[in-house]
Amino acid sequence: MQIPLPKELIQAQGVAEAHATSFGLTFFRVAFEMVDYQQMNALAAYAGFPTRYPHYRFGMEYQQMSKSYEYGLHKIYEMVINNNPTYAYLLEGNSILDNKLVMAHVYGHADFFLNNMYFAHTNRKMIDEMANHATRIRRYQERYGVERVERFIDASLAIDDLIDPGAVFLPERGPATEKQDAPPEASVARMPAKSYMDRYVNPPAYLEQQKRRLEDESRSALRFPPRPERDVMRFIMDHAPLENWERDILSIIREEAYYFLPQRQTKVMNEGWASYWHSKIMTERMLDDSEIVDYADHHSGTMATSPGRLNPYKLGLELFRDIERRWDRGQFGPDWDSCESMADRANWDRKLGLGREKIFAARRVHCDATFLDEFLTPEFCQEQKLFVSREEPKSKRQVVSSREFDEVKQALLLQFTNGGRPVVEITDANFANRGELYLVHRHVGVDLRWDWAQETLTQLNLLWRRPVRLESLRGNKLVRIGNDGKSIAEETLMQYPTKAAG
Amino acid sequence: MGDASRIQSDVNRFRQIVRGKVREELRRHLGHQEMIGRHGKSIVSIPIPHLDQPRFVHDPGGKSVSQGEGQAGEGPGAGNDPGRHLLQAEFTIEELATMLGEALELPRIQPKGRDEIESRGGRYTGINIVGPESLRHFKRSYRQALRRMISTGTYDPDRPSVTLTRGDRRYRTWKPRALPRANAVIVYVMDVSGSMGADQKELVRIESFWLDTWIRSHYQGVRSVYIVHDATAKEVDRDTFFRVRESGGTVISSAYELCHRIIQERFSPAEWNLYLFHFSDGENYSRQDTEKCLEMLRDRLLPGLNLFGYGQVESYGTSGDFYEALQARFTGNEAVALSRIPDRDAIVDSIKTLLSTGR
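If you read the sequences in order, they're chains E and B. Going by the numbering used here, the first sequence opens with residue 1, and the numbers climb by one from there. Going by the numbering used here, the second sequence opens with residue 1, and the numbers climb by one from there.
Since the hints were made in silico from the structure, they are not lab data. For every residue, glycine included, the Cβ atom is placed at its ideal position computed from N, Cα and C. A couple of the hints might just be wrong.
To be verified - Derived PhoX-like pairs: lysine-lysine, alpha-carbon spacing no greater than 20 Å straight-line:
#	chain 1	residue 1	chain 2	residue 2
1	E	Lys-394	B	Lys-234
2	E	Lys-396	B	Lys-63
3	E	Lys-385	B	Lys-292
4	E	Lys-409	B	Lys-175
Claimed, not checked - Far from chain E, some chain B residues (derived; all Cβ distances over 12 Å):
#	residue
5	Asp-10
6	Gln-16
7	Leu-51
8	Gly-131
9	Ser-161
10	Val-162
11	Arg-216
12	Ser-268
13	Glu-283
14	Asp-343
Please model the complete structure; the sequences and the hints are all you need to start from.
Structural data, given as structure tokens:
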């Protein structure tokens, strides 16, 4: 059942689109659809795609969302899909003003989808593609049974973030099965020397060392994969003994994972950019006097911050505004960096007016991690009252642990690098010469959540069909857990001296 | 977006899985109080954890970045992380009882032979030649008319019109059916003497919930009576039963006397299926009193009871001997079921023991 867009909103769309274009935003055609709250919840459960494949998890999401909507805990105002045309859903029953605001906001997102380079690789016909995925998965369910397919999807979803975010900028590789040539016969080059000098020119110890190095190298060339592999999904697709339908499902989940990846990578920027533009378009162009109070109420609700929860809308919006202000006033470059006079810094204005241009450039080339790394400044940090909080071990209360720029930045970057997820790579697919899969967690100062890691290994074992092992740091121990499908074994490989507290 | 049915089928599938999960793990959950969520009239909601999608994730150890006021070392206000929503699966009491029965392989209860107790219930199964017009059976009436016309030769197949006369009319009637009406009373007796702590009461609460669920599923109207006793006994309401904290000695016979009196006054064994469950730590005040209890049970209570269940909740450092006394006297008596409940894990087996008589 489709609810027609009210006349007023059709008009508003035209106006919002014209303003967005006049500000320099570019986008695919935006198609708005009006839905009721049940449809909205269903769409949200399907991550925006009405044509998603059948899976109980979506039902679970929907049920949770419906409950919390009914209890008044949350309300989804808008949803927008990266697609050509860009689809956006409006909630029936919202006030006309709210929906106008949402429209302005959506044009920000639409511009971001089209222009941010992290989205460049995404399939712009994803709605159709999702429908195809659904058809294929339905067919497999009919042929192999709902439960079997479900179980396989569950296992695939457990590793759907073990993909390589960098791979989208490289040409697609062929299957990684090509055998490498056997390394040339290893021999250590000797320096020519007279026989009585030979002992000194070519010291035996050195020769021995070189020989060992060469042997190591040739052994690692025989290792498979030759280099650690980050795209675990792909590796399993290519090399696990799967049936065709299983391989296909894995490829579906992987394709969707790569499609959704940039949305995880650019949450702050994307919402910040959309908020920047809804605020600009609404306050400078579209609002009339009677609407301003309601608009401000809604806008400040969206920007509300609360301890323990970072609001990406707020952070992104403020950061874009800060960049615009800094580049308008020329607060960048060596002069600015080396200036130590607080008074000069406070009144610094070179009247460059480069702000608008800079934020457009930033939205094109950055993702959250690089964006924050590049543009977060101590002044901004202080102004926005950013802090790191940690849990007091005794009381289990959250307390402010630091407002230092370095610590805030470090914690933020950790939160946004690789979408906040740990990097886990395959280093060996034939561990112990028994066809076991060996994964290594690249520890960056934060341990894995251990119970989940074990669960995930169980799922990996289902996919790989041979024992799987994971190496990681846990506290001050280097540990390895293994799952052979029957039991989980944990061994300590190395014990480091106790870490200093903190 | 015609996706209402699409999401609904995913929701149904999810519910199905949840039900399966609960059923599978019912035995494990039985002893835990979380099973018994708030229960409304006839719906029990059971929280189910662990339907998260496991992934490799960081364990931030409670560290996070956000915005706001507050000095280092201070709490930035109540951390308002709403926490993970527990999922709730909802079951009716009947479903729960069925699952319990399956999990523990309990025999169905055979209500005492009171099938002759008739209650009014009826279904429209009969046909009569008189009745109110509102109940006229159209088809049967016309069939009767057709039959009459054919037998009297007034029916013309070429002009097939059937005319109804008064005598053709047929009416639906209902036939009274004797429905077995089995009513049951469950009398819960709990020792609340000083030696019964909060943990013991918790055990009783969990166990009695399941007993109640199971028995209720076999009868239409079940009444409950709650009696607490220390040295004296009194009847209380359900809430008080689980919360009251008395102290003092234990005279079990006081409770049996009260129980007997209540049964005599309100629930004649001829009309009611009677269940008596007694939970105690088994430390009675004196041997004489224990003797008195045994006699009361044998002579006055047991003859009227479907089942007498005794659960000895054992608390740390106590060793009641009431269990042994009952065991010595009543082994082999079908109407008596005895069990010990030292801890939560024992609840499952205790439920099974108490209910496996099928009475």
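Here is how each hint holds up against the structure:
1. Lys-394/E with Lys-234/B: Violated, because 44 Å separates the two Cα atoms, which is more than 20 Å.
2. Lys-396/E with Lys-63/B: Distance ~12 Å between Lys-396/E and Lys-63/B Cα, so the pair holds.
3. Lys-385/E with Lys-292/B: violated, 76 Å
4. Lys-409/E with Lys-175/B: violated, 82 Å
5. Asp-10: Violated: least Cβ distance 3 Å, not greater than 12 Å.
6. Gln-16: violated, 8 Å
7. Leu-51: violated, 6 Å
8. Gly-131: holds, 46 Å
9. Ser-161: With a cut-off of 12 Å, Ser-161/B remains clear of chain E, as the shortest Cβ separation is near 47 Å.
10. Val-162: holds, 47 Å
11. Arg-216: holds, 28 Å
12. Ser-268: The assertion about Ser-268/B holds, with a minimum of 47 Å to chain E.
13. Glu-283: The claim holds: Glu-283/B sits with its nearest Cβ about 39 Å from chain E, beyond 12 Å.
14. Asp-343: Holds, since 25 Å exceeds 12 Å.
Hint violations for this structure: numbers 1, 3, 4, 5, 6 and 7, all remaining hints satisfied.
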